[in-house]
Amino acid sequence: MRQPPPVPHANAPAIEVAGLRFRYHDGTEALKGLSLRVEPGESVSLAGPNGAGKSTLFLCLSGLTTGDGMVRVAGDAPAAGADAGRRFGLVFQDPDDQLFCPTVGEDIAFGPRNQKLREDEVAKRVAESLSAVGLSGFEARSAHHLSGGEKKRAAIAAVLACRPQILALDEPWANLDARASRAVTGILAKFGGTLLVASQDLYHAGEVCERLVILDGGTVVADRPMKDLLADAALLEAHGLEFGARCSVCPHNKNSSAR
Amino acid sequence: MEHGFLDKYSGLDSPVHRLDARVKAIVALFFILLVVTTPPQHLLAFVVYSGLLVWTAALARVPLAFVAGRAVLVLPFSALVALGLPFLGGGETVAVLGMSLSVKGLWVLAGAAMKSLLGVATLALLVSTTPFSSLLAGLRGLGAPTLFIDLLSLTYRYLFVLVGEAMRLRRAAVARGYHPKWLPQAIIVGRLAGNLFVRSYERAERAYGAMLLRGYCGRMPTARPLQFRMTDAVVLVTLLPALIALRILVS
Amino acid sequence: MHIPDGFVSGPINGAAAVVSAAAVGFSVWRVKREVRDRKFAVPLLATTAAFVFAAQMLNFPIGGGTSGHFLGAATAAALLGPWSACIVLALVLVIQGLLFADGGISALGSNILNMGIIGGMVGYLTMRGVRALLPTGRGGYLASAAVASWASVVLASSVCALELAMSGTSPLGIALPAMAGTHAIIGIGEALIAAAVLAAVATARPDIIPEWANLHQAGTQPKRAPRSVWVMAAAGLALAVALAVFGSPFASEAPDGLEKVAEQKGFMQAASEDKVVWTKALFPDYKVTAIGSEKVSTSLGGVIGTMAAFGLGFVAIKLIMRPPAKGGGEKVT
Numbered sequence: 010m011r012q013p014p015p016v017p018h019a020n021a022p023a024i025e026v027a028g029l030r031f032r033y034h035d036g037t038e039a040l041k042g043l044s045l046r047v048e049p050g051e052s053v054s055l056a057g058p059n060g061a062g063k064s065t066l067f068l069c070l071s072g073l074t075t076g077d078g079m080v081r082v083a084g085d086a087p088a089a090g091a092d093a094g095r096r097f098g099l100v101f102q103d104p105d106d107q108l109f110c111p112t113v114g115e116d117i118a119f120g121p122r123n124q125k126l127r128e129d130e131v132a133k134r135v136a137e138s139l140s141a142v143g144l145s146g147f148e149a150r151s152a153h154h155l156s157g158g159e160k161k162r163a164a165i166a167a168v169l170a171c172r173p174q175i176l177a178l179d180e181p182w183a184n185l186d187a188r189a190s191r192a193v194t195g196i197l198a199k200f201g202g203t204l205l206v207a208s209q210d211l212y213h214a215g216e217v218c219e220r221l222v223i224l225d226g227g228t229v230v231a232d233r234p235m236k237d238l239l240a241d242a243a244l245l246e247a248h249g250l251e252f253g254a255r256c257s258v259c260p261h262n263k264n265s266s267a268r
Numbered sequence: 102m103e104h105g106f107l108d109k110y111s112g113l114d115s116p117v118h119r120l121d122a123r124v125k126a127i128v129a130l131f132f133i134l135l136v137v138t139t140p141p142q143h144l145l146a147f148v149v150y151s152g153l154l155v156w157t158a159a160l161a162r163v164p165l166a167f168v169a170g171r172a173v174l175v176l177p178f179s180a181l182v183a184l185g186l187p188f189l190g191g192g193e194t195v196a197v198l199g200m201s202l203s204v205k206g207l208w209v210l211a212g213a214a215m216k217s218l219l220g221v222a223t224l225a226l227l228v229s230t231t232p233f234s235s236l237l238a239g240l241r242g243l244g245a246p247t248l249f250i251d252l253l254s255l256t257y258r259y260l261f262v263l264v265g266e267a268m269r270l271r272r273a274a275v276a277r278g279y280h281p282k283w284l285p286q287a288i289i290v291g292r293l294a295g296n297l298f299v300r301s302y303e304r305a306e307r308a309y310g311a312m313l314l315r316g317y318c319g320r321m322p323t324a325r326p327l328q329f330r331m332t333d334a335v336v337l338v339t340l341l342p343a344l345i346a347l348r349i350l351v352s
Numbered sequence: 004m005h006i007p008d009g010f011v012s013g014p015i016n017g018a019a020a021v022v023s024a025a026a027v028g029f030s031v032w033r034v035k036r037e038v039r040d041r042k043f044a045v046p047l048l049a050t051t052a053a054f055v056f057a058a059q060m061l062n063f064p065i066g067g068g069t070s071g072h073f074l075g076a077a078t079a080a081a082l083l084g085p086w087s088a089c090i091v092l093a094l095v096l097v098i099q100g101l102l103f104a105d106g107g108i109s110a111l112g113s114n115i116l117n118m119g120i121i122g123g124m125v126g127y128l129t130m131r132g133v134r135a136l137l138p139t140g141r142g143g144y145l146a147s148a149a150v151a152s153w154a155s156v157v158l159a160s161s162v163c164a165l166e167l168a169m170s171g172t173s174p175l176g177i178a179l180p181a182m183a184g185t186h187a188i189i190g191i192g193e194a195l196i197a198a199a200v201l202a203a204v205a206t207a208r209p210d211i212i213p214e215w216a217n218l219h220q221a222g223t224q225p226k227r228a229p230r231s232v233w234v235m236a237a238a239g240l241a242l243a244v245a246l247a248v249f250g251s252p253f254a255s256e257a258p259d260g261l262e263k264v265a266e267q268k269g270f271m272q273a274a275s276e277d278k279v280v281w282t283k284a285l286f287p288d289y290k291v292t293a294i295g296s297e298k299v300s301t302s303l304g305g306v307i308g309t310m311a312a313f314g315l316g317f318v319a320i321k322l323i324m325r326p327p328a329k330g331g332g333e334k335v336t
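Chains as they are written, first to last, in the numbering used here: chain A, 10 to 268; chain B, 102 to 352; chain C, 4 to 336.
Think of the hints as simulated: they come from the structure by calculation, not from any bench.
In this text, all values refer to a predicted model and were calculated from it rather than measured experimentally.
For glycine and all other residues, C-beta sits at the position ideal for the given N, C-alpha and C.
There may be inaccurate statements among the hints.
Computed footprint of chain A on chain B; a stretch qualifies when at least three of its residues, placed anywhere within it, have a C-beta under 8 Å from a C-beta of chain A [as the list claims (entries may be wrong)]:
| hint | stretch |
| --- | --- |
| 1 | 131 to 144 |
| 2 | 160 to 174 |
| 3 | 222 to 235 |
| 4 | 320 to 330 |
Facing chain A, according to a computed beta carbon distance under 7 Å, are these residues of chain B, among others [as the list claims (entries may be wrong)]:
| hint | residue |
| --- | --- |
| 5 | 313 |
| 6 | 314 |
| 7 | 315 |
| 8 | 316 |
With the rest of the complex left out, here is chain A (with noise of 0.2 Å):
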């Protein structure tokens, strides 16, 4: 018996964690109780060096591991179901990894037909999502056959067909060229709902996000609105960033003659 989509509850934040703490298997504490709170319609980025814990905190919000502490999303508890897609929707970092269909119509198919939508309604969705990530007519294609900007884009296209509250993405601008990287901006400006956004590169999140959260050793250890934050290159470079621009042109190289 297929449960109802749960109901958004009226005033709830859209993100509330307090105190979470998660550990893997082989020790490692990922996350030393860490709490966030975002309001619904936030664009919030989170940032942080290697193992600060963003990808573990995006896991937790998504249902597929959990930690101790408290954790709601949308006001309940996470869960990976068959309506998961409809509160929080996760890009991963690896585009390979959301595709797995034969063709990307199929891959954006996938959301919307498990959503027990008519075909129909579902062949609404892949268009429309094709269209928001600028790849329309892309529904034959093989994954295979896409280059890294394209299955980024068809990834993103996958996980919007689902409708999310809740967009989420881990390092959204990896492996991008200058090109594909600011048509991902574009799209996650367009997003209505609530963006969050893991990801080192402050120069394309600051573009998108009006909230920084700096997050290291498992905590958060700053949270200020983006222009502020980036303004502090000390706590930046304290925690592993870096923003601003650096127009020197090969200063350590003795040969250079543009020093």
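Dock chains B and C against the given chain A, drawing on the hints supplied.
Showing chains B and C alone in chain A's frame:
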């Protein structure tokens, strides 16, 4: 990995492409069974079979060179297994270029070569006129177990990913001086393969997570079932008996 | 070892297709029933099939400028169990046949039988058998995997040679030494690769092979009885089959003790045709009459007889030894 060749022509449009995948699968299998059950001595039959394939390729706008190129790939195995037969077959012999070759052996070699070539050419045509996901949907429609079809679909998708990773691992090893010359160095292949398996396992874990997050509950969702059209029915009903009649005629 | 179209006769391909279909169907049923996380099995079996496909593309030299390649059936059985391995190999062979001209579609049944069923199952059984004979611990585990891999490749190629011979494509006297001989060498590569793969996997992700963790305590001896029965059965069967395949063609045609005496004493004629109750023997004189070659048909008769005897014995013992109440017995995975 050179995977372009698999799908190269499946997106074209032709009367053959427009046929239902189930019809094409049935006809292809039927044809192959016909070919393998024909004794090699009926050379005329094999000429006719080849002609049929050439005609189908033309109708499907698939270049013959492509089909022939795929077919030729199978010859090395034939050579390995059956090449020695004309020399060892025994029985009646015939003089060819100064060598005394066994007639029985020659027939076996010829039969095996012709049948394997035709078999591969038929499949090349089938795959070139039917996108793989349609072919799988067709097989599912013909009664193949859903789980097995789902597995084939996923395997096909990840084939390219894993072969790519395998080639990268191998290149990395070669770049570090891996030029194997003797058998015990197979251990290095083992380490590469072990690495590759862990990657494939972790890929499965991540893909599984992605599937769950988009609502996966054990079966891959299917599209609208295939529609059988008049053309498809006509083709099936005329082609199969025609092939049988052909087989009887040329025997 | 992938047989193309036209090399193996129709009846053999047909019979093999039926057996393979049944075996793969059974494997699917077993996997659905027993695998803990059945939903995860779907992507896992698929990526493992993709892995086997990719691993088969990695060549290794076997001397004389030629190279061999990995089969992976026994390794897959060690990693995922024999039923999953059967499905994985079947997937690989279907894709190879359909898309890569590697193995004919009409011979798919034979190829799955040789590489998936015989390769996987023999690999699995041999590994369990050899493990019980070796000291427990990681070395024993890897050594048993190596031996099992070698045996699986040699046996799979031998059965392939048998099929070719029975179809009249290649005389057994040539096919068998050629196939078994080359694969005895390729099998060494397979053995080394299998051991290296398992060691690498166990180091990087010990949770994938649950028994690996238990092997660390070399001192813990599990209950001997159930395993040794299984071991002896497997070893005995393997020996019997080997004798049947390789020994029976050379069995003496000379009359055995009873026949000799009957001839001498002249009461041979008393056992005349019209007195025999059961005239329609399935395999008269231990020969499979459909097959031309005398030696091969005797071999095959021997194998079928051995398997039938084993099968009957197995069923009989299972019935006799049925536990009195539910909830007992060793799980065979």
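Each hint tested on the structure:
no., hint, in the structure
1, 131 to 144, "violated (count 0)"
2, 160 to 174, "violated (count 0)"
3, 222 to 235, "holds (count 3)"
4, 320 to 330, "holds (count 5)"
5, 313, "holds (4 Å)"
6, 314, "holds (5 Å)"
7, 315, "holds (4 Å)"
8, 316, "holds (3 Å)"
When held up to the earlier numbered hints, the structure conflicts with 1, 2 and fits the remainder.
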